[in-house]
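Engineer: These are the residues of each chain, in order.
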Amino acid sequence: MSAPEATHPLAAVATPGLRGAAGVAPLRVSLPVRETVQVMVRRGREEAFAAAMEASFGMAPPAPGHTLAGGAVTAIWIQPGGFMLTGAGPGLAERAALAFVGLAAVEDQSHGRTTITVSGPAARAVLARGCRLDLHTRAFGPGRAAMTQIAHIGCLLHQVDDAPSFELTVFSTLAEPFFHWLVEAGSGDGVVIA
Amino acid sequence: MARYSGLRILGEGFRGNSGWQPAWRKPAPKASYDVVVIGGGGHGLATAFYLAEVHGIRNVAVLERGLIGQGNTGRNTTIVRSNYMLPENNNFYEHSLKLWEGLEQSLGYNVMMSQRGVINLFHNDAQRNAALRRGNSMRLNGIDAEIIDREGVKAMCPIVDLDNGRYPVMGGLLQRRGGTARHDAVAWGFAHAADARGVDIIEHCEVTGMIAEGGAIQGVRTSRGEIRAPKVGLAVAGHTSTLTEMAGFRVPIETHLLQAFVSEGLKPLIDCVVTFGAGHFYVSQSDKGGLVFGGGLDGYPSYGQRGTLPEAEHVYAAGVSMIPALGRLRGLRSWAGVMDMTPDGSFYICKTPVQGLYMTAGWCYGGFKATPGSGWCHAWTIAKDEPHRLNAAHTLDRFREGRMLDERGNGPFFWAQ
Amino acid sequence: MTQPHRLATGGHVDRATRLSFSFDGRRYEGHAGDTLASALLANGVRLVGRSFKYHRPRGIFSAGVEEPNALVELREGARREPNTRATVAELFDGLSATSQNRRGSLAFDWMAVNGLLSPWLGAGFYYKTFMWPAAFWERVYEPMIRKAAGLGRASRLPDPDHYDAAHAHCDVLVVGAGAAGLAAARAAGATGARVILMEQDFMLGGDLLNEPGLEAWRRETVAALAAMPEVTLMPRSTVFGFYDQGVLGAVERLADHLAEPPPHTPRQRYWTIRAKEVVLATGAHERLIAFPGNDRPGVMLAGAARTYARRYGVRAGETAALFATHDGAYDAAFAIAEAGARIAAIIDPRSDSAAMQRAREAGFSVKAGSVVSGTMGGNALRGIAIGAQGSGARGDAVPVDLLMVAGGWNPAVHLASMSGAALAWDEALHTFVPGTPVQRERSAGACRGVNGIGAAAADGAAAGRDAAIAAGFAAGPDNTLPDTLAADHCSYPVWEVKGRGKAFVDLQDDVTTNDIRLAHREGFSHIEHAKRYTTHAMGTDQGKTGGIVGAAVLAEARGEPVAKVGLPRFRPYTAPIAWGAMAGQEVGKHFQPVRRTSLHAVHDAAGAVWMDAGIWKRPAYYPKREDADAWASVLREARAVRQRVGICDVSTLGKIAVEGPDAATFLDRVYANTFSTLPVGRARYGLMLREDGIVFDDGTTSRIGPERFFVTTTTAQAGPVMQHLEFHLASAWPDLDVSLASVTDQWAAVAIAGPKAREVVAGMVEGIDLSNDAFPFMAVADCIAAGVPARLFRISFSGELAYEVAMPAGHAAHVWRAAMQVGATHGIEPYGMEALGLLRIEKGHVAGSELNGQTTAHDLGLGRMLKKKGDFIGRVLAQRPGMTDPSRPRLVGLRSVDPRRQIRAGAHLLVDGRDQGWITSATQSVVDPGWIGLGMLREGEARIGSTILAANPLMGEEVPVRVVSPHGYDPENRLVRA
Amino acid sequence: MLRIPCPHCGARDEIEFTYRGDATVARPGPDAGVDAFHDYLYLRTNPRGWQAEWWQHSSGCRAFLKLLRHTVTHEIRAVATATETLEVPGA
Ligand SMILES: Cc1cc2nc3c(=O)[nH]c(=O)nc-3n(C[C@H](O)[C@H](O)[C@H](O)COP(=O)(O)OP(=O)(O)OC[C@H]3O[C@@H](n4cnc5c(N)ncnc54)[C@H](O)[C@@H]3O)c2cc1C
Ligand SMILES: NC(=O)c1ccc[n+]([C@@H]2O[C@H](COP(=O)([O-])OP(=O)(O)OC[C@H]3O[C@@H](n4cnc5c(N)ncnc54)[C@H](O)[C@@H]3O)[C@@H](O)[C@H]2O)c1
Ligand SMILES: Cc1cc2nc3c(=O)[nH]c(=O)nc-3n(C[C@H](O)[C@H](O)[C@H](O)COP(=O)(O)O)c2cc1C
Ligand SMILES: [Zn+2]
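Protein chains in written order, with the numbering used here: chain U, 5 to 198; chain E, 157 to 573; chain V, 15 to 992; chain G, 519 to 609.
It should be emphasised that the hints constitute simulated quantities derived from the structure, not laboratory data.
Please note that the accuracy of each hint is not assured.
[Stated by the list, open to error] EDC-like cross-link-like pairs, simulated, lysine to aspartate or glutamate; straight-line CA separation at most 20 Å: (1) K290/V x D480/V; (2) K161/V x D427/E; (3) K423/E x D38/V; (4) K881/V x D549/G; (5) K631/V x D281/E; (6) K603/V x D319/E; (7) K882/V x E570/V; (8) K507/E x D557/G; (9) K290/V x D138/U; (10) K290/V x E593/G; (11) K182/E x E574/V; (12) K444/E x E156/V; (13) K883/V x D549/G; (14) K882/V x D549/G; (15) K578/V x E359/E; (16) K444/E x E542/V; (17) K603/V x D443/E; (18) K881/V x D676/V; (19) K516/V x E168/E; (20) K182/E x E542/V; (21) K507/E x D190/E; (22) K423/E x E90/V; (23) K444/E x E574/V; (24) K507/E x D541/E; (25) K516/V x D410/V; (26) K631/V x D443/E; (27) K161/V x D443/E; (28) K423/E x E156/V; (29) K423/E x E152/V; (30) K254/E x E152/V; (31) K883/V x D682/V; (32) K254/E x E244/E; (33) K512/V x E570/V.
Isolated chain U (complex conformation) (with noise of 0.2 Å):
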């Protein structure tokens, strides 16, 4: 038996098309396939974590809540000497387990979190029905990162750009539910799914 394609948590409901109304900037959703993988830094160990992160993904962690791209790979700094590593697979975790060996814990969770991206104008005023952090240009951007709660689920949120774009991971057992409020939130300016 070969390994068949994994089940996306979201694969009955997300269907595309637009729900709620047909307003003129709605929402859009997608659903990229992402590897996520959970890196935890042993005590004592930040300066050569950070040189091998350097030479297996060419960055350095990212700052406190922000994220740092190296190529095809997106770092988000998740907790204090904690990052998720994401990027398009296969065998992201291996490459970090590899690269990290004795100094950090490696944990594959691309099966764990879902990520959800939201994009357009709407973006913030949807999100602000749920997600208790200021977006606002002034107080967050593009490269930054916050774990928080939205709508009472917990979710790793970080920005993409200024579109602008948000990509929303949360546990995947709790995604439909999350799935849910986002286009109930969205349904009064519409939301495209891709």
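Based on these hints, arrange chains E, V and G with the ligands on the given structure of chain U.
Structural biologist: Below, chains E, V and G with the ligands alone, put in the same frame as chain U:
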């Protein structure tokens, strides 16, 4: 002092209501008393009343730093019940409930005790089993309890949504003798009756220190001078730690805040007390027409008597989830009280490390219903210098001995109880 | 249809838009821009409600949220909203409203007889009576009181609308869009600060809406604000509370001005606002005066009459009198005169003033040194009596149909007070104003006693600028402000005009000056006691117009100044807010999120009946057509496991990756048993205690590598265990180098259990020798399952030979299907939570109902697991005497003596009539058909073999049960090790 | 509503955090007896004033923090990471 009655009201009405006297005197503190009770909430006033009424100890002062009845007694959701699981608790609360049942007559004051029934809803097998265990424990101790099914819930409170919510209702544990009482009237009624029996109720008298010699209490220092007494009873709810610190010992109490809410006045809508099993929410309707409701603790220690938005949101959301018709009603006012939370959720009525110092405390968010029982047992403990059978297990030392009275198994976390 | 009291021109109503509405079944017409109150007045409707206790006729008293009288039931059916203030309800086409709290018609309410009984229904009368006979309270008195009390009727139908929540952040929040608020927002906005301006009204302007001469400034300012990119204007938004740390709550009404919300539009939105600085520009509420008959329909606040005339183009009366106590009030007389009413008299207790002179010049009859000493009329005002100030005499009667009352201003200090600021007494204004701020907050305009539009605007502009500077911005350009001559608003303090008849300090709750005095006489002399005893300021208006008047009456009785008496504490909400709005979106089905395993669709396809396990949905069982009932399905599934093989989704178990050089040391400390000795490739059952020695959780932990462990927890405790581990790492052992990652969602897991389990697993797993020697009980290894990378565990909860396959969640459905395919020849069946429960009860494994936070390891028969050496959480306190007391209930097995008689969890165990324990779990058995259970029983071990009673008095059951070992099924564990 | 300044994440709403008790008590060492553990687990100063307390940024970076918070005003005066010490001023 003349007693209250319908007849007297009639007479006074004809006289322009000019003959009414203060419901309790406002005496200046004497230099000494046989017993000083600290705290003019329901528990302190009830302690004084039962000291006088049951034990004949009338040379008693109740010291209240502000106004009587303005602490938790005056800011709670007024639910009265005895549906506890552990025999140490349910027998005590049942005793209290029986005192409630005759309270109007013993006080000569209408505290508007209303036995309209308390339903605790359950939503799944595990909750139902816990309700059965609790209800059966009550029944085996001679306390009324019923298990009702969905139809039973519907019959008692038709506007509860049995099906539509996230957690459909499976049934409820009903105690018909449970209900509500008018919070303020409880304080005033005990004050009125205690005063009539000679107790001095001294408001605006804050206890600022304890006088003790050789490990025995001698009296208290107050904002109105020293007051001597060989026996002192503490009944200060969320402020217990402050007072025990004055006496030189720490207690297993953390003070947390709990909010309560009242809606605009409505014609009768909810004829019983209902508690939601799937979130923190309970509601009843006051005789004035407002829906009185509340939920869980805000989650962090506070003496601030004011709450926070997230817990309020939860309370309102749980309310609409249980009763979707509430959506169009309006919240009128919200406030909070400071709770003396214990690490097992049960109370203390006991002696303390200081001889002659007694306390009733640790009532968490459930002490209103205990008011007469607490006063009764506290008075007993003070008068006899030993606990009554009903409060023998409720010591401060039970944790040292590993004899917790943890009804729900939530463990040694004050804020989780 | 005509609107006889509507002016031809002027104001902010759109006469071209006609809106039809009904009140008490009669149809009327109004205009866009009207409130229900202004439209009713335009149509000459003056009697709108009945009072709370005495059922006295009441009319529209104010033009805003402070309204005590004009409360109606708005809309019908499921959308009925009781107690809606007509004075702020925006008119829409088709609106219907009904008067409330009456028996009979509004004009003839037979409950009005209560008015005659008032000497006996004074403050607190119910506390003194209704006590005898005792049984009557519940059955007679209380239902009577409750029916009489209360205001409107709630709909009993589910609210059909939905609500929304949203979060805001700003540098400066301005509350109130009157002259002060508009100027504040503009000044703050000019600095570049992010500004939010919230106004509860549907129009921005506050009192400016009554000033035609300043309309140009208002429009220009609003337009300028709208053009500022960082300024957000939010009309129809009530800021209801000021909380800690600069957080305020508000409700925005998105659809209350429409018949019903358009598609995809919530009715209201609840806002949480985090503001660096706050400007409160909430204006002031006009104060009533307590004179006999001050509640008759036709008695109205002066500012309200002015607002009806100027803003709504409505003449609130034809022949009017003004009872003024300050110069600022006189504009009401001019306004109503301009509107075509005749001014019959202006009554003013003062001897003379600038405004009095101007009024005389305008030809009005000004009665200086006078007060209104009474009113005449029935359901409407017909006249007033005018007496000399201080004389107590009733004086001359003057026929009027409108009496405008201006007792002075009560600054709207509610939010400032809620923010923690003490209130300060202003001797000149005879009122309370906000004291020194505690939070980053400032008041501006009328809400701090700065009256007059020009002064208020200047005050607002300064406050807005200061707030922005305090938030870190540099001052922007100044803006032009309205330049008006301010009338003197310092009122002459006339709180009460004594005389015969009821003088109300609280119109809604029917609290009279005599009630306040009675409270004082009975010792309720503190304002908080007096409030509670009389219910003064406890109505839906919370005493906005009369609260301070009651305090003043009390002050007089006490012989002390009002400043000393103070006001009752202000609390949220500044105005009542819809329950639905506070509840937001997460209600009903969305009260909590539904957590689903990656096999959810698979179970659905298999016809699973779902059950809630915390927020998870889990299959309870999978009914088949031939199953007679649910028990038949459960027994069938369990039998499949005992006899053949079954498969079950166990993905909900918590999974934690514990890694690092100190991982083993750490686990030794958090578990009661030892993990450092566990070889790589093996799993061990672990028992975790709380620090108090009570069992916290259990689960299997596997050693994946020398420094890598895979910990599983129970479903319910996954979160708490993670937090427990993190807490102890941070607080007790910060020296340990261990990292924790929750991998619950990453790994799905299925249990494959039963005598044929090995065959099924062998048919789908590659890379492992499954022989008992190579892969014994408690072995763990990575593998390929059905082509996907997986991890295989040989562990068993059912008591059968069993495996668990864990795989990345996205592959779980594929693996499940493969197992079903391979298992088909072995008769595999999926089993749900019910069968899982049955199997573990038969086997004697404890679960949530035994690990209930009250049991020790010893209670559960697991005492021997506690290691003898080394520290671990719970070790010390588990040794307390009460925890090791031999009389504690112990885990036992139970079996119904008559196999057909059901026993239930929650029944108590009676030995010789004494309550000795309870049943924790119960089920039917498949191994030995009949009802069995687990329970906690005092002296449990000693009682094995005896027969006791399972008593369930709640359900009238008493069932003899035999006490047996909890480990009745395969006690030697031969099957699981086979 | 509390706005808690997480040293790692910035100011966040209280709902992202979980209170975890008095931070001035420390778990006794392995040789301590029942009394020491009893005091650690159960006895509280419970001040009406400044309290050092544990909070976890549970919906954020998951760090355990020490807060110096006033139990009447709710003011937060200082925040420290788990290994730092907080001076608790007198009432
Ligand atoms: C929101 C809320 C809802 C609740 N709901 C319920 C419910 O539905 N059912 C129920 O049974 N219980 C409920 N409770 C709990 C119940 O209110 C209390 O347990 C009970 O009222 C406590 O009464 P008390 O007399 O002990 O305390 P209090 O009424 O608080 O009295 C203590 C008094 O001590 C005084 N004091 C403090 N320090 C000093 C000092 N140094 N010197 C002098 N005096 C001092 C205080 O001023 C106060 O008046 C609720 C509590 C709250 C806050
Ligand atoms: N009705 C009256 O006649 C009246 C009342 C008060 C002040 N004034 C006059 O108004 C001028 C002062 O202007 P100002 O700006 O200080 O007061 P203002 O009354 O003009 O404006 C206050 C505004 O704040 C709004 N508001 C109050 N509480 C609110 C809340 N919690 N949420 C949202 N909005 C809220 C009100 O709806 C009002 O629009 C002076 O001329 C003063 O004499 C007149
Ligand atoms: C059972 C109960 C019913 C209440 N009903 C009302 C009410 O109808 N109107 C009102 O304004 N407040 C009502 N309150 C709240 C009180 O006004 C007050 O807020 C509360 O007792 C706490 O006091 P505080 O706000 O002065 O701190 C009620 C309180 C309780 C306990
Ligand atoms: Zn953080």
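Engineer: Now, for every hint given, state plainly whether the structure supports it.
Structural biologist: Hints and how they fare:
With a C-alpha separation of about 12 Å, the suggested pair K290/V and D480/V falls inside the 20 Å cut-off, and the hint holds. Distance hint between K161/V and D427/E is fulfilled; the C-alpha atoms sit about 11 Å from each other, no more than 20 Å. Between K423/E and D38/V the CA atoms are separated by roughly 18 Å; this keeps the pair inside 20 Å, and the hint holds. Between K881/V and D549/G the CA atoms are separated by roughly 15 Å; this keeps the pair inside 20 Å, and the hint holds.
Using a Cα cut-off of 20 Å, the hinted pair K631/V and D281/E holds, with the two alpha carbons roughly 14 Å apart. Distance restraint check for K603/V and D319/E: the Cα-Cα separation of roughly 10 Å lies within the 20 Å cut-off, and the hinted pair is therefore satisfied. Note on K882/V and E570/V: the hinted pairing is violated, with a Cα-Cα distance of about 76 Å set against a maximum of 20 Å. Under the criterion of a C-alpha separation no larger than 20 Å, the hint pairing K507/E with D557/G is consistent with the structure, at around 19 Å.
Distance hint between K290/V and D138/U is fulfilled; the C-alpha atoms sit about 12 Å from each other, no more than 20 Å. Distance restraint check for K290/V and E593/G: the Cα-Cα separation of roughly 15 Å lies within the 20 Å cut-off, and the hinted pair is therefore satisfied. As the CA atoms of K182/E and E574/V are separated by approximately 18 Å, the hinted pair is consistent with the 20 Å bound. Proximity of K444/E to E156/V is assessed by CA-CA distance (about 11 Å); at most 20 Å being required, the pair is judged to hold.
A hinted pair counts as satisfied when its Cα atoms are at most 20 Å apart, and K883/V with D549/G qualifies at roughly 11 Å. The suggested pairing of K882/V with D549/G holds, with an alpha-carbon distance near 13 Å, which does not exceed 20 Å. With a C-alpha separation of about 17 Å, the suggested pairing of K578/V with E359/E holds against the 20 Å cut-off. The straight-line distance between the Cα atoms of K444/E and E542/V is roughly 18 Å, inside the 20 Å bound, and the hint therefore holds.
Only pairs whose Cα atoms come within 20 Å are accepted, and K603/V paired with D443/E is rejected, the gap being roughly 32 Å. Taking the CA atoms of K881/V and D676/V, the gap is about 19 Å. The hint holds against a cut of 20 Å. Note on K516/V and E168/E: the hinted pairing holds, with a Cα-Cα distance of about 17 Å set against a maximum of 20 Å. A distance of roughly 16 Å separates the Cα atoms of K182/E and E542/V; the hinted pair therefore holds under the 20 Å criterion.
About 17 Å separates the Cα atoms of K507/E and D190/E, which keeps this hinted pair within 20 Å; it holds. With a C-alpha separation of about 16 Å, the suggested pair K423/E and E90/V falls inside the 20 Å cut-off, and the hint holds. Taking the CA atoms of K444/E and E574/V, the gap is about 31 Å. The hint is violated against a cut of 20 Å. At roughly 8 Å between alpha-carbon atoms, K507/E and D541/E fall within 20 Å of each other, so this suggested pair holds.
Taking the CA atoms of K516/V and D410/V, the gap is about 19 Å. The hint holds against a cut of 20 Å. A hinted pair counts as satisfied when its Cα atoms are at most 20 Å apart, and K631/V with D443/E does not qualify at roughly 41 Å. Of the pairs offered as hints, the one joining K161/V and D443/E holds, with about 9 Å between alpha carbons and a cut-off of 20 Å not exceeded. Using a Cα cut-off of 20 Å, the hinted pair K423/E and E156/V holds, with the two alpha carbons roughly 13 Å apart.
Proximity of K423/E to E152/V is assessed by CA-CA distance (about 17 Å); at most 20 Å being required, the pair is judged to hold. Restraint check for K254/E and E152/V: the C-alpha separation of about 16 Å stays at or below 20 Å, so the hint holds. At roughly 10 Å between alpha-carbon atoms, K883/V and D682/V fall within 20 Å of each other, so this suggested pair holds. Between K254/E and E244/E the alpha-carbon distance is near 16 Å, which keeps this suggested pair within the 20 Å criterion.
The suggested pairing of K512/V with E570/V holds, with an alpha-carbon distance near 12 Å, which does not exceed 20 Å.
Of the numbered hints given earlier, the model fails hints 7, 17, 23 and 26; all others are met.
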